[in-house]
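Visitor: Read off the chains here:
2 protein chains.
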Amino acid sequence: MSDLNVYELLNRKRRGGPLEPREIEAFVDRYTTGSIPDYQMSALLMAIAINGMTAEEMATLTQAMLRSGEQWHLRDQYDFVADKHSTGGVGDKVSLVLSPWVGACGVKIGMLSGRGLGHTGGTLDKLEAIPRFNARLSRDQFQRCIDEVNCVISTSTEGIAPADKKIYALRDVTGTVESLPLITASIMSKKLAMGASSLILDVKTGSGAFMRHYQESKALALSLIAAAAGSGTRVEALITDMNRPLGIAAGNANEIVETIEVLKGNGPADVEEVTRAQAVRVLVMSGRFDEQSAVTALDDALRSGRALDQARKWITSQGGDAKIADDYSLLPQPTETFEVRAPRSGFITAIDTYQAGMFTVDLGAGRKKADDIIDYAAGVMFDRRSGDEVKAGETIARIQLGHSKRDAEELRKRFLSFVTFGDAPPPGRPLVFEHLK
Amino acid sequence: MSDLNVYELLNRKRRGGPLEPREIEAFVDRYTTGSIPDYQMSALLMAIAINGMTAEEMATLTQAMLRSGEQWHLRDQYDFVADKHSTGGVGDKVSLVLSPWVGACGVKIGMLSGRGLGHTGGTLDKLEAIPRFNARLSRDQFQRCIDEVNCVISTSTEGIAPADKKIYALRDVTGTVESLPLITASIMSKKLAMGASSLILDVKTGSGAFMRHYQESKALALSLIAAAAGSGTRVEALITDMNRPLGIAAGNANEIVETIEVLKGNGPADVEEVTRAQAVRVLVMSGRFDEQSAVTALDDALRSGRALDQARKWITSQGGDAKIADDYSLLPQPTETFEVRAPRSGFITAIDTYQAGMFTVDLGAGRKKADDIIDYAAGVMFDRRSGDEVKAGETIARIQLGHSKRDAEELRKRFLSFVTFGDAPPPGRPLVFEHLK
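Top line first, the protein sequences correspond to chains E and W.
Here the numbering used here is used: the first residue of the first sequence is 1, the next is one more, and so on.
Here the numbering used here is used: the first residue of the second sequence is 1, the next is one more, and so on.
Treat the hints as calculated values from the structure; they're not laboratory data.
Virtual Cβ for every residue (Gly too), placed ideally from N, Cα, C.
Any given hint might turn out to be false.
A few chain E residues facing chain W, derived, Cβ under 10 Å [what the hints assert, rightly or not]:
(1) LEU9
(2) GLY16
(3) ASP172
Simulated restraints on C-beta separations [unchecked claim]:
(4) THR33/W x GLY393/E: 55 to 63 Å
(5) GLY428/W x THR33/E: 56 to 64 Å
(6) ARG144/E x ALA370/W: 54 to 62 Å
Work out the full structure, taking the sequences as your base and the hints as a guide.
Guide: The following block contains the structure:
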């Protein structure tokens with residue numbers, strides 16, 4: 001490590017030259033332990049953000065970041081254990097539906113998940129809308145849930161990828177968040193530190209996604225897959241639509257309700273379809289199903305009520321009140337609901353999903369800053385969605401308030417500002433675009 | 001200043017977008033006063049080093065850096081006062097010859113100069129070889145010299161461009177030294193803070209120059225000129241050769257001797273020619289001469305002995321012992337001199353000037369680190385130079401030692417390693433390539 005020439009390395013990356021694996025490892029190690037200062041790391045981050053990284057550099061960076069902390073090697077402790085990650089969206093409750101659904105098919109799945117920040121919601125925030133649900137498990141508690149009920153979702157522990165935590169905080173204040181290799185290493189270092197047998201990536205694309213443009217989303221998917229090369233975790237990705245909110249509910253408590261409805265077989269078709277596509281891949285990657293038998297098993301788990309029952313067991317295992325599955329009034333309830341009515345007859349042709357996400361955040365359902373407090377009852381119900389025909393005066397959405405008082409007319413006006421109406425339905429758009437592996 | 005969005009600015013520069021003048025000014029100001037941390041400045045420096053800057057951005061950066069400290073506005077206090085800057089080379093004593101020569105023609109000239117670092121020598125170091133010479137003048141002392149004897153060379157005071165000092169220290173450890181806009185702003189912020197009426201830039205090109213390749217040197221010259229736009233200081237540049245040491249002497253005391261010899265009319269022709277080209281531009285920019293009358297005035301000052309007399313007055317005004325002009329033994333003397341002999345007959349076809357500079361530094365005549373101590377008597381005399389015909393066994397150079405003992409054979413061997421011999425003289429090469437304004 002003493003032979004690391006930091007100046008020469010920074011000069012080389014500035015000129016676009018390659019970094020050696022041992023250099024990347026030493027730089028990350030020395031930064032994490034404090035012997036390389038922030039100002040040298042931020043210079044390197046900017047050089048990477050502008051000049052990019054080769055696939056090999058990126059895989060090395062990912063490995064260096066994950067090795068900065070605990071490695072759980074879960075795949076060595078179970079015949080098979082799945083992981084799943086979404087790049088984030090509005091109304092994205094796929095993880096919540098997927099976990100018990102896959103678990104009900106006898107396949108173990110565990111996720112170290114994140115909280116919401118910016119326009120996208122957070123899986124952990126939604127789960128914490130359930131009374132007494134514990135989303136801060138120790139590693140032992142995490143594995144006990146996998147052992148006992150096949151599924152678990154918890155926050156990443158302090159010990160996982162400390163390099164990523166330190167680097168991410170620095171990226172956040174140095175204009176280096178938007179960088180494919182840095183995004184990739186950040187996501188994959190945390191995922192590969194858990195070390196599942198497989199990882200299904202839900203890479204969203206569209207106005208409410210982290211990557212709006214299809215080619216960017218695909219590049220991210222391929223980059224995430226490439227960074228896992230040689231890690232021992234099998235990674236596949238689905239590129240799915242985030243040009244419209246997923247499902248009807250966007251918020252926290254209301255998304256728990258929608259999750260349970262999907263598991264009861266009554267949920268919005270889009271949530272079921274996007275979740276099913278991923279569940280099929282999880283089951284196939286387990287090696288115990290082919291595509292055909294996976295679909296059959298999933299249908300059976302849903303129709304038989306086993307998926308719903310699995311959700312009850314899962315919620316209970318993490319300390320939550322499973323009675324919410326049968327009595328939604330046990331969840332945080334809106335203090336006030338404002339209906340939004342269609343200003344004209346015709347079709348909803350588009351909902352700007354980024355704006356819809358920011359609207360939901362502003363109601364209190366998400367965070368603009370990391371220390372904002374979530375208002376679990378706040379949210380939006382998109383009763384009519386892109387492509388739906390509406391009549392003037394008909395209710396197209398319900399704005400749900402939690403703790404804060406807000407002006408109804410102002411909210412209605414802002415809501416309508418990101419919804420577009422027309423005389424004909426918009427062209428159809430698939431929910432799942434592409435499967436990459 | 002409170003409306004400066006640092007994150008957005010860094011993101012924009014990362015993407016190659018332009019920075020507004022007020023943003024550059026606020027960033028530099030807040031960095032200098034400490035409210036922007038090193039890690040954000042280093043990210044910006046790396047983004048600038050990779051993505052470059054427009055001429056306007058660069059001029060604004062230069063202005064922001066110079067405004068961080070004192071502005072002397074010398075041009076407002078004299079009818080005319082010149083400044084001169086060299087990008088540095090081996091044996092470059094042009095400033096030492098130029099000052100009294102121009103001063104003897106009745107034109108005032110003042111320079112805030114630097115010390116040597118790396119393979120190039122430093123004007124102040126050479127002057128400090130003169131007993132009692134004071135190169136650390138206060139602003140008052142600096143101006144008194146201009147008032148009384150027309151010329152002065154001193155170190156930049158603490159008050160000049162503190163932003164440059166802080167930014168340069170950060171560039172040095174973040175791989176962002178090699179950057180045209182950052183080099184430009186660093187040089188010009190110090191020069192424009194003094195605020196002369198004119199500035200002649202001696203931009204060196206070749207193996208002993210900061211920029212080895214002609215196009216790089218020309219780009220630097222144009223960049224330096226562009227950064228002065230609107231500053232009130234008229235800037236011109238000459239691109240001159242540094243593919244061979246300038247003159248015969250490289251060191252400190254020996255370069256003072258060579259300077260006096262040039263002023264006596266006995267110096268090496270190359271030193272006189274390169275200095276004369278710049279002196280002509282200084283005189284013409286004063287508005288009191290055209291090219292013809294400038295040449296006549298300079299010839300007259302030299303032949304009459306007024307240039308030499310001016311040097312005596314100048315040295316005296318800065319506290320130095322002017323008797324050195326008539327008795328070189330008053331200067332630090334070599335303790336030992338090793339002659340280097342031609343290993344063959346033929347022509348010297350090249351001297352790698354970077355290697356020659358590093359050799360001189362290693363003798364003690366320069367600095368590898370900023371706190372190295374100069375050995376004023378140490379240096380090299382290049383008695384035979386590129387293009388000269390030599391006979392086997394003839395003395396081609398003298399290696400002069402100061403305080404340190406060294407192995408003669410080792411030094412001779414190393415010296416010959418950067419000198420190339422051949423059967424025919426190398427093609428001729430001009431000393432002054434181009435005049436830019």
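Visitor: Quick one: are GLY428/W and THR33/E within 56 to 64 Å, going by C-beta?
Guide: holds, 58 Å
Visitor: Do ARG144/E and ALA370/W keep their Cβ atoms within the hinted range of 54 to 62 Å?
Guide: Hint holds: Cβ distance 60 Å, inside 54 to 62 Å.
Visitor: When the nearest CB of chain W is found for ASP172/E, is that gap smaller than 10 Å?
Guide: holds, 8 Å
Visitor: Given LEU9/E was flagged as interface, is its beta-carbon under 10 Å from a beta-carbon of chain W?
Guide: holds, 7 Å
Visitor: Indicate whether the distance between the beta carbons of THR33/W and GLY393/E respects the range 55 to 63 Å.
Guide: With Cβ atoms ~59 Å apart, the hint holds.
Visitor: Take the shortest C-beta to C-beta distance between GLY16/E and chain W; is it under 10 Å?
Guide: holds, 8 Å
In summary, the structure agrees with every hint in the numbered list given earlier.
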